[in-house]
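Spelled out, the chains give:
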Amino acid sequence: MAITQPDINNGLGCRVTLWVTGCPNHCPGCHNPETWDKLAGKVFNEKAKSELLELLKKPYIKGLTLSGGEPMDFNDSDKCSVLLDLAKTVKTELPEKDIWVFSGFTLRELLSHPSTSIILDYVDNLVDGRFEQNLADKSLAFRGSKNQKIYHNYTYESITGPDNWVDKTEFY
Amino acid sequence: MAENLCHTALNKFKEKYGVIPNVSDKEFFTNSMHVPVWKEMDPFKKIDIESQLTGYSSAGCITYVECPSTSKHNIDALEELVNYAMDHDIPYFAINVPNDTCNNCGYTDEMPDVCPQCGSSDIKRLRRVTGYLSNDYKTSFNKGKQDEVEHRVQHFTH
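Line order of the protein sequences matches chains Y and Z.
Every letter in the first sequence is one number past the one before it in our numbering, and letter 108, counting from 1, is 114.
Every letter in the second sequence is one number past the one before it in our numbering, and letter 5, counting from 1, is 11.
Derived from the structure by calculation, the hints contain no laboratory data.
Warning: the hint list may mix true and false statements.
Far from chain Z by the CB rule (all over 12 Å, computed), these chain Y residues [unchecked claim]: (1) D13; (2) N16; (3) F50; (4) E57; (5) F80; (6) V88; (7) E115; (8) L117; (9) R136; (10) K152.
So the derived list for chain Y, only partly shown, Cβ under 10 Å to chain Z, looks like this [to be verified]: (11) I14; (12) C20; (13) P34; (14) K68; (15) P101; (16) N140; (17) K144; (18) L146; (19) F148; (20) T175; (21) Y178.
Cβ atoms here follow ideal geometry from the backbone N, Cα and C, with glycine treated the same way.
Extracted from the complex, chain Y is given alone in its bound form (with noise of 0.2 Å):
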């Protein structure tokens, strides 16, 4: 993992941003092909948690991001579970931050898997789906190809129905 701050590409607001290793997408034309392997970086522990911890309070940051490799990766268990206990933390300590995460996978695809739609239920914001080269476009807010979208989930402005995700791509 790496952690950069203040980052205004990864997101609305200057933003801290947690660099999760490890992508089982490899999509070609990938941003950062130096975060593919797992152990690249440092290992993220108890320390690197309150650093972290500890740069959100800042009051210019405005939240935290996950990205990558994948953040996302429902087969992978312990990615997973250190994610969910972040995610949390975040929200129960600093509920005044939001989170952004990217994924190379789908928000389908996320909340169809327990490991990763239980991380979703503590995320602000998504911004899902593949590199794809062909829809590739450099003008674009957060995303690099066409087919990714950004979506807002309301559950915490209560508004409940059977989908709390809206696909807010439109207004980016």
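Take the given structure of chain Y and dock chain Z to it, following the hints.
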């Protein structure tokens, strides 16, 4: 430092004192209220430092932050920067965003070497160097200011 003085004063200095590392080893002097332009630093830290100095000047004390062109998608971040600068009593604040235009096809964005749309290398590089947005910095400014622009770094992670 102002348009012409940054180079003129440096030449006069060199005539008298020669080349001193980190003082007169470039083609320009950095404004005395600025963090060295080549220093990699997050924008909030830069404002923290420069805001301690700008109060001593009655003019010419702009504080600026170099942003990537992608910042146009992130108005929330720019607002946070402006608020932070105002909270620190910065009297004169600028956000510098590279704005390149391809003279061949008209595509506009930050471009490294060639236009990503047509491959042309005939690119007009618009930068806020000093004062206001003007023409291509390669033709509008003296050697000192050109050298300064090339030493500038962006203040966000990228």
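Results for each hint:
no., hint, result
1, D13, "violated, 5 Å"
2, N16, "violated, 9 Å"
3, F50, "holds, 18 Å"
4, E57, "holds, 15 Å"
5, F80, "holds, 28 Å"
6, V88, "holds, 23 Å"
7, E115, "holds, 26 Å"
8, L117, "holds, 27 Å"
9, R136, "holds, 21 Å"
10, K152, "holds, 15 Å"
11, I14, "holds, 4 Å"
12, C20, "holds, 5 Å"
13, P34, "violated, 18 Å"
14, K68, "holds, 7 Å"
15, P101, "violated, 18 Å"
16, N140, "violated, 15 Å"
17, K144, "holds, 6 Å"
18, L146, "holds, 8 Å"
19, F148, "holds, 7 Å"
20, T175, "violated, 12 Å"
21, Y178, "holds, 7 Å"
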